[in-house]
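Generate the whole structure from the sequences, applying the supplied hints.
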Amino acid sequence: MKHTISVLVENHYGAFNRVATMFSGKGFNIHSISIGETEIPEISRMTIVTEGEDKIIEQVVKQLNRLIDTIKVIDLTGQYRIERELALITVFYQKGTRIEITNISNIFRGNVVDINNKTITLEITGPPDKIDAVINVLEPYGIKEMARSGTVALKRGEQLKQDKKESVL
Amino acid sequence: MKTPNSKMTGAEIFFESLKKEKVEYIFGYPGGAVLKLYEKLYDINYLKHILVRHEQGATHMAEGYAKATGKVGVVLVTSGPGATNTVTGIADAYMDSVPIVVFTGQVATHLIGNDAFQEADIVGITRPITKHNFLVRDVAELAMTIKKAFYIASTGRPGPVLVDLPKDVINAVSDFEYPEKIELRGYKPTFLGHQNQIKKAAEMLKKAKRPLLYVGGGVIMSNGERELRLFAKENNLPVTMTLQGLGAFPGNDSQSLGMLGMHGTYWANQAVNNCDVLFSLGARFDDRVTGKIDSFATKAYKIHVDIDPTCIDKNIIVDLPIVGDVKHVLAELAVEMDQTPDFSDWWKQINIWREECPLTYEKNDGKLRCEYIIEKISEKTKGEAVIISDVGQHQMWISQYYKFVNPRSHITSGGLGTMGFSLPASIGVSFGIKDRPIISISGDGGFQMNIQELITAVYYKLPIKFFIINNSFLGMVRQWQELFHAEKYSFTDLSESNPDFLKVGQAFGLKSFSTNSPNNVDEILDKALAYNDGPVLVEFKVVKEDMVFPIIPAGQTVNEIMTKRLDPKEMV
Ligand SMILES: Cc1ncc(C[n+]2csc(CCOP(=O)(O)OP(=O)(O)O)c2C)c(N)n1
Numbered sequence: 001m002k003h004t005i006s007v008l009v010e011n012h013y014g015a016f017n018r019v020a021t022m023f024s025g026k027g028f029n030i031h032s033i034s035i036g037e038t039e040i041p042e043i044s045r046m047t048i049v050t051e052g053e054d055k056i057i058e059q060v061v062k063q064l065n066r067l068i069d070t071i072k073v074i075d076l077t078g079q080y081r082i083e084r085e086l087a088l089i090t091v092f093y094q095k096g097t098r099i100e101i102t103n104i105s106n107i108f109r110g111n112v113v114d115i116n117n118k119t120i121t122l123e124i125t126g127p128p129d130k131i132d133a134v135i136n137v138l139e140p141y142g143i144k145e146m147a148r149s150g151t152v153a154l155k156r157g158e159q160l161k162q163d164k165k166e167s168v169l
Numbered sequence: 001m002k003t004p005n006s007k008m009t010g011a012e013i014f015f016e017s018l019k020k021e022k023v024e025y026i027f028g029y030p031g032g033a034v035l036k037l038y039e040k041l042y043d044i045n046y047l048k049h050i051l052v053r054h055e056q057g058a059t060h061m062a063e064g065y066a067k068a069t070g071k072v073g074v075v076l077v078t079s080g081p082g083a084t085n086t087v088t089g090i091a092d093a094y095m096d097s098v099p100i101v102v103f104t105g106q107v108a109t110h111l112i113g114n115d116a117f118q119e120a121d122i123v124g125i126t127r128p129i130t131k132h133n134f135l136v137r138d139v140a141e142l143a144m145t146i147k148k149a150f151y152i153a154s155t156g157r158p159g160p161v162l163v164d165l166p167k168d169v170i171n172a173v174s175d176f177e178y179p180e181k182i183e184l185r186g187y188k189p190t191f192l193g194h195q196n197q198i199k200k201a202a203e204m205l206k207k208a209k210r211p212l213l214y215v216g217g218g219v220i221m222s223n224g225e226r227e228l229r230l231f232a233k234e235n236n237l238p239v240t241m242t243l244q245g246l247g248a249f250p251g252n253d254s255q256s257l258g259m260l261g262m263h264g265t266y267w268a269n270q271a272v273n274n275c276d277v278l279f280s281l282g283a284r285f286d287d288r289v290t291g292k293i294d295s296f297a298t299k300a301y302k303i304h305v306d307i308d309p310t311c312i313d314k315n316i317i318v319d320l321p322i323v324g325d326v327k328h329v330l331a332e333l334a335v336e337m338d339q340t341p342d343f344s345d346w347w348k349q350i351n352i353w354r355e356e357c358p359l360t361y362e363k364n365d366g367k368l369r370c371e372y373i374i375e376k377i378s379e380k381t382k383g384e385a386v387i388i389s390d391v392g393q394h395q396m397w398i399s400q401y402y403k404f405v406n407p408r409s410h411i412t413s414g415g416l417g418t419m420g421f422s423l424p425a426s427i428g429v430s431f432g433i434k435d436r437p438i439i440s441i442s443g444d445g446g447f448q449m450n451i452q453e454l455i456t457a458v459y460y461k462l463p464i465k466f467f468i469i470n471n472s473f474l475g476m477v478r479q480w481q482e483l484f485h486a487e488k489y490s491f492t493d494l495s496e497s498n499p500d501f502l503k504v505g506q507a508f509g510l511k512s513f514s515t516n517s518p519n520n521v522d523e524i525l526d527k528a529l530a531y532n533d534g535p536v537l538v539e540f541k542v543v544k545e546d547m548v549f550p551i552i553p554a555g556q557t558v559n560e561i562m563t564k565r566l567d568p569k570e571m572v
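Line by line, the protein sequences give chains L and C.
The first sequence begins at 1 in this note's numbering and counts up one residue at a time.
The second sequence begins at 1 in this note's numbering and counts up one residue at a time.
Think of the hints as simulated: they come from the structure by calculation, not from any bench.
Bear in mind that the values here come from a model prediction, so they are computed numbers and not experimental data.
From the three backbone atoms N, C-alpha and C, an ideal C-beta is built for every residue, glycine too.
One or more hints might be untrue.
[Stated by the list, open to error] Pairs of lysine-lysine, DSSO-like flavour, derived with a Cα cap of 27 Å: (1) C:Lys314 - L:Lys55; (2) L:Lys155 - C:Lys188; (3) C:Lys147 - L:Lys62; (4) L:Lys55 - C:Lys299; (5) C:Lys314 - L:Lys72; (6) C:Lys200 - L:Lys55; (7) L:Lys62 - C:Lys314; (8) C:Lys292 - L:Lys26; (9) L:Lys62 - C:Lys199.
[Claimed, not checked] Simulated restraints on C-beta separations: (10) C:Phe117 - L:Ile82: 48 to 54 Å; (11) L:Lys55 - C:Leu111: 41 to 47 Å; (12) C:Thr190 - L:Ile82: 30 to 36 Å; (13) L:Asp54 - C:Glu379: 47 to 53 Å; (14) C:His194 - L:Val112: 54 to 60 Å; (15) C:Thr190 - L:Leu86: 34 to 40 Å; (16) C:Ala140 - L:Thr38: 23 to 29 Å; (17) C:His110 - L:Glu37: 24 to 30 Å; (18) L:Arg156 - C:Gln118: 50 to 56 Å; (19) L:Phe16 - C:Arg565: 51 to 57 Å.
Given below as structure tokens:
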């Protein structure tokens, strides 16, 4: 089963590597990983999507906690959360299919961000399964290239407020 | 005298910080990137620098010192090759949770990444084998980083920490103030066990009919041996120990079942297999202990006390985890227990197993055997020596035949199984321990892996006994070849290629002996143990093709235990 794990880490030299090294060293797989700043400059948030049996995920969380640079580790799986991913997808078009592709983009509330005489590039945001769906639909037209950002996630507002009181931050 | 706030160079800050950490010894080797530190060191008298002959030796010395004293071992080496030579020792310390701090020189910060002369990304290389590591980029952070390094290495589950020191940082100037306390928001080891879990453990133990304490190195690291002894004694509990746990409970006590696992005693492994409550204290259910996971202690309710949550439910799923310091948990637990329970049936059964399959070896053919030597050493030192073993057959025989009565007395490379550990580690031990005999025991293979450090022992006149169990083979590998690899003795026979150990000893300036007869063992041991003006080397030429028994083949169960060499006649 896929798990989305949110990790607050010290925003300094090597912290990201340490997490990545731990994953490869222990043989845990990483489906996606994203990292960026938080509201506090010296803390970054990593969102890791990983897959495994419960026993493995339990180890993943413990091993993450064990790293000195990790401040807080939350497995968001099964919790109310917001998950988003961004994809840039460049698709081939022919006479007639350009409109179809733009329509698909509209249905998924995407944006056309680039176009030339052969290809059109869409920007799609949403939960990862929505991105999967878009890709599915676009595949028959011929996808030239694609970049996915990996998932970012947060707990939903209500819980976040409660949590803040006892949070380390 | 410097006042706390005056400007200092990085080199001065380095040594002032070590002074604050009460460092007594640095095991080190100089080189370009650390010249400035060595320049400063020249005038320092509040700590002693021990010059090694190879940086791997330095790390094992630091480990030996740390394991024997409980203090942090300190290493100082140069960049590039100096740093990479420490890797094996750091990995060893990581696997066995040994608190050491390794300082490596590094090229100047503006050269990092340029493939500069003697540059190696040692922080990257050691990331998976350190508890934590640091690259100091600014001299203003040096003191704080050193404070953090010692704190992280020595608290929680101990382990190695590496601090990389670029040349320009050591040369730069800054204010010095050593922090009194530190807070690391990402590092807060759990110390006290959960009260309710402890109560529950006590209840389970009270209900038990066939309990067993399974004791690992964590008991020794937490200095919990007194609590363990009291607890085991008052509740009449059988105690089995891991390789790293030996000494936590006296090996000569009737309640000790000796070591468990692959080369453990038959009765300890039977007890594991048949107990109804298995109480693990500071041990990690390593595969050398458990054998086949599915068959390990299947009848038992399993309680696991460990300071490191990642150890819990890693290899074996337990019924009751307690995260905390073993010493404290044991003290709390003792309060919960009431009258001494009656385990006489269980003890009767254990004693039957003891008699069914005792530890034995051939004594009547006049040949010299490792087991005999270890028994004799155990007898003569009353189990009170510090024994530093290497890796291989002799290591297992030591664990079986030496009756350790004190903690921190069995110093060995367990997790990584590093040949070449014993010789340098014993040097580290002898700087820390002055009131007990220090005996390094190696095989003829492992002895040659850090043989260069013999001169370190000679130079510092350390009263170490270097015993070589020379069976002219890489014995443990030979044993596996005989048992599991079609008797193809591929590259394990050293009889044509070993040096003359007696002459080696003499060349390095050690008092040296050699014998191949059991009749000389008494006399030689007496001489070696009585000589304290420097190191002694004794080569024991033992039979070539002995095997360690019992053995439970890897991944199997006590039912597959082999207790002796199969007689060729029986095999047909
Ligand atoms: C550095 C290293 N290389 C290889 C091994 C694999 N190994 C384990 S035991 C052993 C043989 C050890 O032989 P020796 O030192 O003579 O001791 P004995 O087993 O004969 O007591 C070997 C090669 C190891 N543990 N460590």
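Do the hints match the structure? See the list:
| no. | hint | in the structure |
| --- | --- | --- |
| 1 | C:Lys314 - L:Lys55 | 8 Å, holds |
| 2 | L:Lys155 - C:Lys188 | 24 Å, holds |
| 3 | C:Lys147 - L:Lys62 | 25 Å, holds |
| 4 | L:Lys55 - C:Lys299 | 22 Å, holds |
| 5 | C:Lys314 - L:Lys72 | 21 Å, holds |
| 6 | C:Lys200 - L:Lys55 | 23 Å, holds |
| 7 | L:Lys62 - C:Lys314 | 10 Å, holds |
| 8 | C:Lys292 - L:Lys26 | 21 Å, holds |
| 9 | L:Lys62 - C:Lys199 | 24 Å, holds |
| 10 | C:Phe117 - L:Ile82: 48 to 54 Å | 51 Å, holds |
| 11 | L:Lys55 - C:Leu111: 41 to 47 Å | 46 Å, holds |
| 12 | C:Thr190 - L:Ile82: 30 to 36 Å | 32 Å, holds |
| 13 | L:Asp54 - C:Glu379: 47 to 53 Å | 52 Å, holds |
| 14 | C:His194 - L:Val112: 54 to 60 Å | 57 Å, holds |
| 15 | C:Thr190 - L:Leu86: 34 to 40 Å | 39 Å, holds |
| 16 | C:Ala140 - L:Thr38: 23 to 29 Å | 25 Å, holds |
| 17 | C:His110 - L:Glu37: 24 to 30 Å | 27 Å, holds |
| 18 | L:Arg156 - C:Gln118: 50 to 56 Å | 53 Å, holds |
| 19 | L:Phe16 - C:Arg565: 51 to 57 Å | 54 Å, holds |
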